[in-house]
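As they're listed, the protein sequences go chains A and B. full-length UniProt numbering applies: residue 1 is where the first sequence begins, and numbers increase by one. full-length UniProt numbering applies: residue 1 is where the second sequence begins, and numbers increase by one.
Treat the hints with care, as some may be off.
Unchecked claim - Quick partial rundown of chain A residues pointing at chain B, CB under 7 angstroms, derived from the structure:
(1) 17
(2) 18
(3) 31
(4) 34
(5) 60
(6) 91
(7) 93
(8) 114
(9) 117
(10) 192
(11) 200
(12) 202
As the list claims (entries may be wrong) - Computed list of lysine-lysine pairs in DSSO-like fashion (alpha-carbon distance at most 27 angstroms, straight line):
(13) B:385 x B:280
(14) B:385 x B:399
(15) A:180 x B:197
(16) A:121 x B:385
(17) B:130 x B:197
(18) B:316 x B:298
(19) A:121 x B:316
(20) B:162 x B:197
(21) B:397 x A:121
(22) B:385 x B:316
(23) B:197 x B:45
(24) B:298 x B:280
The hints are simulated quantities; they were obtained by calculation from the structure and are not laboratory data. Where a beta carbon is used, it is the ideal one built from N, C-alpha and C, also for glycine.
Below, each chain spelled out in residue letters.
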Amino acid sequence: MTFSHSHLLGIEPLSPPEITEILDLADQYVALNRQDMKHSDALAGLTQINMFFENSTRTQASFELAGKRLGADVMNMAMQASSIKKGETLIDTAMTLNAMHPDLLVVRHPHSGAVDLLAQKVNCAVLNAGDGRHEHPTQALLDALTIRRAKGRLHRLNIAICGDIAHSRVARSNILLLGKMENRVRLIGPPTLMPSGIADFGVEVYDDMAEGLRDVDVVMMLRLQRERMDGGFIPSEREYYFRYGLDAEKLGYAKEDAIVMHPGPMNRGVEIDGEIADDINRSVIQEQVEMGVAVRMAAMDLLARNLRARPHEVLV
Amino acid sequence: MTTTLLTNARLIDPEQGTEAPGWLLIENGAIAATGVGAERPEADKMVDCGGKCLAPGIVDIGVKVCEPGERHKESYRSAGLAAAAGGVTTMVTRPDTSPAIDSPETLEFVARRANAAGPVHVRPMAALTKGREGREMTEIGFLMDAGAVAFTDCDHVIANTKVFSRALTYARSLGALIIAHPQEPGLSAGAAATSGKFASLRGLPAVSPMAERMGLDRDIALLEMTGAAYHADQITTARALPALERARRNGLNITAGTSIHHLTLNELDVADYRTFFKVKPPLRSEDDRQAVIEAVRKGLIDVISSMHTPQDEESKRLPFEEAASGAVALETLLPAALRLYHSGDLDLPTLFRAMALNPARRLGLPSGRLSAGAPADLVLFDADKPFVMDRTTLRSKSKNTPFDGQRMQGKVLATYVAGTPVFEAA
């Protein structure tokens with residue numbers, strides 16, 4: 001086994017062989033998930049706690065399903081409604097949970113680095129389900145798996161990531177992963193939604209969709225948060241859709257067999273045209289959801305193997 | 001009347017810009033004479049310095065002691081002990097306490113407590129506006145009578161230029177020194193890092209280094225209007241330096257400082273969200289750090305401060321964006337500054353020009369020099385002695401130093417305040 005980490009906090013520390021290993025295992029879980037009997041016992045006896053400090057339906061459901069299919073005992077904690085509101089710090093919460101001996105902790109938090117901080121304080125394996133604008137590693141992995149299955153490879157592809165790059169953890173994790181796997185990554189979006197220092201990321205930056213999408217193999221759209229549309233970052237929703245929304249005309253600049261991706265939930269008519277999103281010949285958005293469960297199963301399986309291989313702590 | 005002779009010392013004289021073996025005679029708490037060579041005066045007490053460095057005690061502008069309000073983070077007693085152990089003989093304290101030190105009554109309370117509790121000199125600064133809210137100026141005249149050596153709202157920028165220009169005009173009539181934090185507050189709101197690749201990779205809200213230049217540019221324009229005496233607390237970016245140089249050339253009454261952390265650390269030290277490295281303004285790029293070192297060498301930046309800011313564990317053990325800013329540095333200022341000496345960037349007289357002579361001069365204090373007549377505020381230190389920094393050994397109540405676990409060189413052997421040893425290494 002190549003994967004040697006005790007947490008999955010981001011794509012940054014992963015090596016290309018480790019990424020490949022996760023994707024290979026996920027491929028097996030895709031097959032399992034398509035059977036009637038969807039059960040494995042890879043996580044049997046282990047406890048998985050999902051802590052979401054930020055609203056999420058899809059990601060939390062995906063992690064929950066992944067854990068249950070692998071036989072873990074899964075618990076969801078709605079952190080927004082709980083003790084955080086009573087002034088308890090993140091560390092206090094972590095220590096409390098730690099005392100319950102969970103094995104896998106899935107965490108989403110609105111602040112960058114919060115999941116790293118938590119991982120330093122607990123004894124179990126921590127999976128980052130999105131921290132602030134930092135990373136969302138399982139999203140990048142599921143995107144990679146989707147691309148690999150659609151294109152037959154995950155290298156030397158031209159991939160465009162479009163939209164609100166500055167506020168997107170999905171974009172950061174994808175830039176890192178796709179770069180590690182030797183793809184050419186282009187970022188397309190208005191300059192107000194590009195992060196600073198972007199020129200040093202080893203990517204090509206465009207502010208024009210027609211130019212940026214020319215001959216790409218993959219078009220990855222990002223969600224535009226409603227609160228960014230108030231004139232602070234872009235003038236209006238309709239101007240954004242006109243210049244950066246993916247429609248048939250703009251998609252025409254990409255390769256004929258280019259696939260369209262979106263991490264969801266979509267704003268139809270803002271960043272993506274409804275018809276394109278639903279076009280089964282181009283859009284792989286539903287596949288992304290399916291790959292999400294498989295990739296999360298693979299990641300938790302590998303972490304659990306490392307967890308079980310760890311020498312047991314001696315209880316005094 | 002006792003006299004003490006410190007012999008066999010390496011005298012670091014920032015006024016002359018020299019370092020030479022010699023002796024120093026203390027009489028009545030003041031420096032009576034210094035000299036080189038074997039011919040030396042008699043004294044009641046002789047101290048052999050063993051060839052180690054003897055320099056004027058550090059005058060540290062911008063120390064936060066958390067009285068009143070948060071004594072659990074730092075008291076005058078603990079800060080004083082830390083200062084003595086760090087070779088700091090004068091703490092110039094900040095008014096960003098809660099409540100802020102913005103009235104003569106609070107200032108008198110603080111000054112009384114400070115000088116009763118601590119072994120080193122304490123010179124308080126007062127807020128420039130009431131509650132540091134940037135609306136109404138404080139009683140600058142009464143506060144000066146009560147002992148305020150300078151006026152500052154610390155890291156609060158007075159955004160209203162009308163308020164700031166009036167305060168500067170009024171301060172000028174009294175000869176008061178204003179210390180400001182050059183920063184464009186709209187641009188830097190909410191920032192936890194300096195914009196660039198590192199901040200973007202970490203997903204941290206960031207501020208362009210340009211915000212510092214914009215703040216400084218505005219303040220310089222106000223100085224042209226008002227003619228006040230002004231000191232920029234921390235200049236940390238290359239882009240702000242040409243503006244500073246121009247203002248100096250045009251004869252404005254302006255000086256500038258920088259913090260020891262911006263001189264010895266850069267943004268990459270934050271690594272995996274290490275909140276002890278969160279300071280204000282945020283750590284900069286390596287290019288900025290190099291430019292700031294060069295500015296200190298040239299004398300364009302006059303002062304190096306610790307910007308000592310105690311924070312307890314609770315306010316640091318948070319996600320980076322939410323964690324409090326600031327680092328303690330009274331005890332690490334000298335060994336950190338010596339990194340610049342060991343790396344060949346700055347020599348010892350230059351370091352002490354920025355840590356003792358210039359800050360004392362700017363505040364009109366007689367210390368910071370090794371000449372006859374100056375107070376015998378001195379630090380004796382071994383510039384080479386290596387050690388590994390262990391934050392639990394710090395005398396400050398708060399232990400938030402970014403240098404924890406790092407190898408450093410330079411140990412204070414003794415600190416003298418008015419000729420009396422207030423710290424001697426075991």
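Comparing the hints with the structure gives:
1. 17: violated (22 angstroms)
2. 18: violated (19 angstroms)
3. 31: Violated, because the Cβ-Cβ distance from residue 31 (chain A) to chain B comes to roughly 35 angstroms (cut-off 7 angstroms).
4. 34: violated (35 angstroms)
5. 60: violated (20 angstroms)
6. 91: holds (5 angstroms)
7. 93: At about 12 angstroms, which exceeds the 7 angstroms cut-off, the nearest Cβ of chain B leaves the hint on residue 93 (chain A) violated.
8. 114: holds (4 angstroms)
9. 117: holds (6 angstroms)
10. 192: Hint violated; residue 192 (chain A) Cβ to chain B Cβ min 13 angstroms, cut 7 angstroms.
11. 200: Residue 200 (chain A) check passes; min Cβ-Cβ to chain B is 4 angstroms, inside 7 angstroms.
12. 202: violated (10 angstroms)
13. B:385 x B:280: violated (30 angstroms)
14. B:385 x B:399: Status holds; Cα separation ~22 angstroms.
15. A:180 x B:197: Status holds; Cα separation ~17 angstroms.
16. A:121 x B:385: This hinted pair is violated, its Cα atoms lying about 35 angstroms apart.
17. B:130 x B:197: violated (39 angstroms)
18. B:316 x B:298: Since the Cα atoms of residue 316 (chain B) and residue 298 (chain B) sit roughly 36 angstroms apart, the hinted pair is violated (cutoff 27 angstroms).
19. A:121 x B:316: holds (14 angstroms)
20. B:162 x B:197: This hinted pair is violated, its Cα atoms lying about 37 angstroms apart.
21. B:397 x A:121: Given that 27 angstroms is the threshold and the Cα spacing comes to 24 angstroms, the pair holds.
22. B:385 x B:316: violated (31 angstroms)
23. B:197 x B:45: violated (59 angstroms)
24. B:298 x B:280: Holds, because 24 angstroms separates the two Cα atoms, which is no more than 27 angstroms.
Against the hints set out earlier in the document, violations occur for numbers 1, 2, 3, 4, 5, 7, 10, 12, 13, 16, 17, 18, 20, 22, 23.
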